[in-house]
Amino acid sequence: MIAVSLLAGCAERMPQTAMVAASPDGGYGYSELRLASDQYDVHYTSPELSLPEDEGARGRRLDAEKARAFDLALWRSCQIAAAQGFSYLKVEQDHRDASVDVTREYAPPPALGLSGFYGLGGAMYGPWGFYGGPPNLAPFWFYQDPFAVQQYSLRVTGRVTSSLKVDFSQVPAPGFEDAAALGKRLSQQYAGATYP
Numbered sequence: 003m004i005a006v007s008l009l010a011g012c013a014e015r016m017p018q019t020a021m022v023a024a025s026p027d028g029g030y031g032y033s034e035l036r037l038a039s040d041q042y043d044v045h046y047t048s049p050e051l052s053l054p055e056d057e058g059a060r061g062r063r064l065d066a067e068k069a070r071a072f073d074l075a076l077w078r079s080c081q082i083a084a085a086q087g088f089s090y091l092k093v094e095q096d097h098r099d100a101s102v103d104v105t106r107e108y109a110p111p112p113a114l115g116l117s118g119f120y121g122l123g124g125a126m127y128g129p130w131g132f133y134g135g136p137p138n139l140a141p142f143w144f145y146q147d148p149f150a151v152q153q154y155s156l157r158v159t160g161r162v163t164s165s166l167k168v169d170f171s172q173v174p175a176p177g178f179e180d181a182a183a184l185g186k187r188l189s190q191q192y193a194g195a196t197y198p
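Under this note's numbering, the residues of the sequence shown are numbered 3 to 198, in order.
Any given hint might turn out to be false.
Once the Cα atoms are required to be at most 30 Å apart in a straight line, the calculated BS3-like pairs of lysine-lysine come out as [stated by the list, open to error]:
(1) 167 to 92
(2) 92 to 68
(3) 167 to 68
(4) 186 to 92
(5) 186 to 68
What the hints contain is simulated information worked out from the structure, not anything from laboratory work.
Based on the provided sequences and hints, a complete structural model is requested.
Okay, here's the thing in structure tokens:
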């Protein structure tokens with residue numbers, strides 16, 4: 003049982019390949035919806051990301067992740083173009099979104115007697131340590147120190163989504179890009195990309 007839980011923990015920390023199809027239960031990766039013979043909605047959703055506590059650093063990280071999600075959705079569009087026999091594509095609509103979840107994780111306050119000079123049972127109240135408390139009460143070390151400062155840490159996570167509406171064409175047209183050249187550039191940039 004212990005070995006299984008250790009393996010599960012290692013699997014959670016292993017890098018996740020960036021360019022994968024999204025699972026049916028809403029996992030990360032790409033997905034698409036055909037709107038017309040030459041138009042698709044292409045989406046890319048990141049896995050849950052661990053983000054910095056600092057808001058400035060968090061904003062910069064989210065901007066970088068939005069750009070990556072856009073590029074991965076665009077790369078998927080190039081793959082669709084190749085599979086459907088189109089040579090050119092054009093992004094008609096581009097929407098990038100981020101959801102952030104901030105959770106405070108509290109540490110329990112120290113027990114009485116372990117908090118230094120403050121609180122019942124601390125150094126100023128030695129008799130509690132030697133003689134115990136009033137009758138029918140738990141020992142002094144059972145109670146939490148009411149004078150202790152509550153300690154907590156922030157856990158910040160988030161997901162980024164890029165949604166593109168893409169038009170495809172077999173002939174060059176204004177605003178359309180060469181799908182093969184674009185796909186080659188993006189594949190070279192992101193072929194080995196992973197999420198830590």
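Checked hints:
| no. | hint | result |
| --- | --- | --- |
| 1 | 167 to 92 | holds (9 Å) |
| 2 | 92 to 68 | holds (19 Å) |
| 3 | 167 to 68 | holds (16 Å) |
| 4 | 186 to 92 | holds (16 Å) |
| 5 | 186 to 68 | holds (21 Å) |
Hint check: no violations occur; every hint is consistent with the structure.
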